[in-house]
Structures are given as structure tokens and as C-alpha cells.
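S.K.: Okay, here's what each chain looks like letter by letter:
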Amino acid sequence: MSWHEVWGEIFNFEDYGALLGLVRNSLIAGAVLGLVGGLAGTFVVMRDLAFAVHGIAELSFAGAAAALLIGASVAGGSIAGALAAAALIGVLGSRARDRGSVIGVLMPFGLGLGVLFLSLYKGRSANKFGLLTGQIVAIDTPRLSWLLVTSAIVLACLAVMWRPLSFASLDPDAAAARGVPVRALSPVFMLVLGLAVAVSVQIVGALLVLALLCTPAAAAVRVTASPVLVPVLSTVFATVSVVGGILLSLGSSIPISPYVTTISFALYGVCRAAGAVRSRRGWTARRGASRPGTVAA
Amino acid sequence: MISLRDAALAYGDRTLWRGLDLDVAAGEFLVVLGPNGSGKTSLLKVLLGLRRLTAGTVTVNGRPPRRGSDLIGYVPQTKSVAPHTPLRARDLVRLGIDGHRWGPRRPRPETRRRVETVLRDVGAAPFADVPLDLLSGGELQRVRVAQALAADPSILLCDEPLLSLDVEHQRIVADLAGRRCREHGTAVVFVTHEAEPVLPLADRVLDFGGVRGGAEVGAA
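Residue numbers (my numbering), protein chains in the order written: chain C, 1 to 297; chain P, 1001 to 1220.
Hints in this document: simulated from the structure, not taken from any laboratory.
Ideal Cβ placement from N, Cα and C applies to all residues, glycine included.
Please note that the accuracy of each hint is not assured.
To be verified - What follows is a set of in silico ranges between Cβ atoms, one per label pair, in the way DEER data are often shown:
id: 1; chain 1: P; residue 1: 1112; chain 2: C; residue 2: 181; range: 22 to 30 Å
id: 2; chain 1: P; residue 1: 1006; chain 2: C; residue 2: 229; range: 47 to 55 Å
id: 3; chain 1: P; residue 1: 1055; chain 2: C; residue 2: 94; range: 55 to 63 Å
Unchecked claim - Which residues of chain P face chain C? A partial, calculated answer using Cβ under 8 Å:
id: 4; residue: 1076
id: 5; residue: 1084
id: 6; residue: 1085
id: 7; residue: 1091
id: 8; residue: 1104
id: 9; residue: 1107
id: 10; residue: 1127
id: 11; residue: 1131
Hey, can you work out the whole structure from these sequences and the hints?
M.R.: Here it is, written out as C-alpha cells:
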């Protein structure tokens, strides 16, 4: 295969207008997913939960594979798997030190179950592959409603607990003293994260959810520390990655995920470079005299 | 403001302290000394309503301690701030005012002004917009004191706020608590290993180091 042919496989914009009409649902789903991934991702980065996201995704994949096998709703299966994983990680790994090994135990188990269910499944192989690496054509209207409802629940929960969760993530002791239910908040957020993972698995696939739930927020915190700008930028990055990925992948026969992950990684690279420049130019610059001795303490 | 009567605290069968009678009045500065594991932090947790006494009674402003009370400002022991935490000094202070509230934040000019005032009071205005993980230890500690004072409490509890600070910053942080005590009549309970910087400010000293399982209250 020549380079030219490879290029033609990756980027193909013939009949683009007609194709665009077919993926209307996917574009809506992608935009909503950008919002969910960008906002939930802020806390994934703040609470250091990237590995947990990956673990939840593998069990979500097992749930979806089981649903595919028995002919049930794939969306329902992925949500059930994700919530089960989130609950297990929330209960067994409440302390950060244990969490890593609990996830390390759960993840291969989930992946193994998923492989088992997929091997037993005799249907279209595209369905199997899609669960792991993402698909856009599969978003029919009932599935879109599933996705919108789940996303709405995630966004509502995040809106309610945003401030106490930020406080508890930064300083659990101070937050508890101010009356934040720190111990309850942690597993509750884990369940919300489980739902966010489940909706992401539907589009980008189980192996690549981190491109939506970690990379955009990790990019945003490189260029700003404003608690308002970080979620806004993170959402913009996530949305650009998914919607951009869908638009670029339209004409080709390749799954959507390499496009999404590449855009999201490129944004991260740019932000990292910009952050490095900002730090060197003096991000830490203090205003006026700040010598301890001059402070009227 | 604070009153303990015949108070005892134990973890399982290990008694940290018992028979503790203690009163702290408004405008009084109490320094709490003692080795690791002698129950200094636990005393603060009791006053915050996060831990129950094994025996005896405790009241804060005449009532049993209640979680999340606006009466108390608390500076917990320092933990390092993770790199790239998306919060600046002013955001940390603001969490002390409304960080426990649910739902989206509504912009309130008086909250914003209060944050500015508290930052200025502790001398943190010059680095108000610096990300938390880029602050020096001394700067961070000043901002944490500002967070504890943001809701204008009548009682200030500080848990080892001088840890790993240089002598100059130890003096600055201790003076912040002392000035709050004098100028606002705030009762201060100051838990520390480093007695020297705070002893000039102290009205009384509570020493958990004396007799195991007992406590001595003395005048400074």
C-alpha cells in the first residue's frame, strides 16, 4: 500500500455533504460528551483518578459485551458495568493508597469477562470491535436518548456538588470542619464518574475514554489555575476532540477513536508547551513588594 | 467560648487524656503543647464536632459542638498541594466562605470584597492570583489562615501551623493569630511543637506532655 493510498484511507472527503446528514445524532452525542468529559475530567485530574477511569471503563466494556451477548441494551449494559465498578472502587478503595491495587485487581477481571462474552457472541464483528475502539454509526435515536438522559444526570450532579467537591478534593480536613460530608462525597462522585465513563464508552470505546476524561482537563490545568477557566477550557478541548474526530473520520473506514485521541493529544502538547513558556516568563510573579518584612503582620 | 468538664478521650483501651477541665474565654490565646499522639489534634476534632468525648462534657459558645459551625475557623495540619491544582490563593480563601454550599455559585460582590479584605489582612494580596502549588510554604500558610478567618469566626483553631516554616515565617504566622485574638476578641487554640514563637502571645498553656493520660493547664 502506497503512502497515497494510506492517506486516502485515513482522510476521505467524497460525498461529504450526504455523509454529514447521516451522523447528525453522532454530532449531538459528541458535543454532549465533550461537556460531560471536560467537566468530570476536571475532578479526575484534581483527585488523581485517571487509573480509576480506566478501570471503570473495562468493567463497563464487560457489561456492554454481556448485553450484546444476551441481546439486551448495550447502553444499559455499559452503565450497569460502570456503576458496579465505581461502587466497588468507591467501597474497597476509599483510601488513595489502596485504590490503585483495587483497580489493578478489578480491571483485568473485567477485561477477561468482556473477552469471554465477545467470544461467545456470534453476531457482527463490527459490534465487538466498536465496544473497544469506538463507533459513530451506531448512534440511533433510542441510543441517543439514553446518552442524553445519562449525561443530564451527570451534569446535574456535578452542578450540585461542584464547590464542596473542590473543597474536599483540595483539603478534606478543612472541608469536613466546615460541614462538607467528605466521606460520603467520595463514593458519590465515583458513581457519577461511572455514569460519565459509561456514556464515553458508547462513542470512543472502552480503551480510549481517558482521551475524553483526562487529557482535556490535564491540558487545561497546564495553562491556567483559574477554577472557572479550567472547566471551560477542558470542555472546549473535549468537544473539539470528539466533534472534530467525528468530522475527520466520516469518509474513511477507520474507527473514530484515533482521530479523537490524536486531536486531544495535540491539544495537550500545545498546552504543555504554552504552560512551560508561561512558567518561565514568571507565572509566579508577585505584585508589588512581597518581602515578608514589609508585611504589616 | 469553650468549656470542657471532666473530659476524657480514648481510642479503644488507649486513653489519650482524662479529667480535663478547660475554659477558654473570648480574646484568650491558649497554646497546646505535647508529643505526637498525645491527643492535641483530637482535642481540636472534639471542638469541631468531628469526634465525641469518651466521657465528660464539652460546649462551644454554650452548646454542644456542631459540624460546620460558622463560629469556628480551623487551620488543619499542612498537606502539600498537588502540582497543577486548578486553584489560586484567592480561591482557597473563598472556599472558606462558601465552599461548603451546594449548587452553582452566584456572583456576590460582598463575598468578593470579603476575600480581598482577608487577603490584605494577612499580607497575601501580592500573591492572591498565584496558583496554590507555586506558593512558598510561608505564603501558603498565610493564605490558609486567611481561609480560616474568612467567615469571621469567634474561635480560631490552629493545628501545627508553624511546621516546616523558617523562623521568620513562624513569627509572621503566629502574629497573625495573636493579632486576630487582640483586635477581634477571637478565642485562639494554637496546637504546636514549636513553643518559642507563640509563648509571648499565650495567655495560658495546656501541656499534654506532663503525665501520661493527664493534662496540665498552666499560666504562661
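S.K.: Look at each hint and say if it fits the structure.
M.R.: Do the hints match the structure? See the list:
1. Separated by about 27 Å at the C-beta atoms, residue 1112/P and residue 181/C satisfy the suggested range of 22 to 30 Å.
2. The beta-carbon spacing between residue 1006/P and residue 229/C, approximately 53 Å, falls within the hinted interval of 47 to 55 Å.
3. Judged by the Cβ atoms, the range 55 to 63 Å given for residue 1055/P and residue 94/C is violated: they are separated by roughly 30 Å.
4. The closest approach between the C-beta of residue 1076/P and any C-beta of chain C is roughly 4 Å, which is under the 8 Å cut-off, so the hint is satisfied.
5. The interface hint given for residue 1084/P holds, since its Cβ lies 4 Å from the closest Cβ of chain C, which is under the 8 Å cut-off.
6. Contact between residue 1085/P and chain C, as hinted, is supported at the beta carbon level, the nearest pair being about 7 Å apart and thus within 8 Å.
7. At its closest, the beta carbon of residue 1091/P sits 5 Å from a beta carbon of chain C; the interface hint therefore holds under the 8 Å criterion.
8. For residue 1104/P, the interface hint holds, the least distance from its beta-carbon to any beta-carbon of chain C being 6 Å, beneath 8 Å.
9. Because the beta carbon of residue 1107/P sits about 11 Å from the nearest beta carbon in chain C, more than 8 Å, this interface hint is broken.
10. The beta carbon of residue 1127/P is positioned within 8 Å of a beta carbon in chain C (closest approach about 5 Å), and the interface hint is therefore held.
11. The beta carbon of residue 1131/P is positioned within 8 Å of a beta carbon in chain C (closest approach about 3 Å), and the interface hint is therefore held.
Of the numbered hints listed earlier, those contradicted by the structure are 3, 9.
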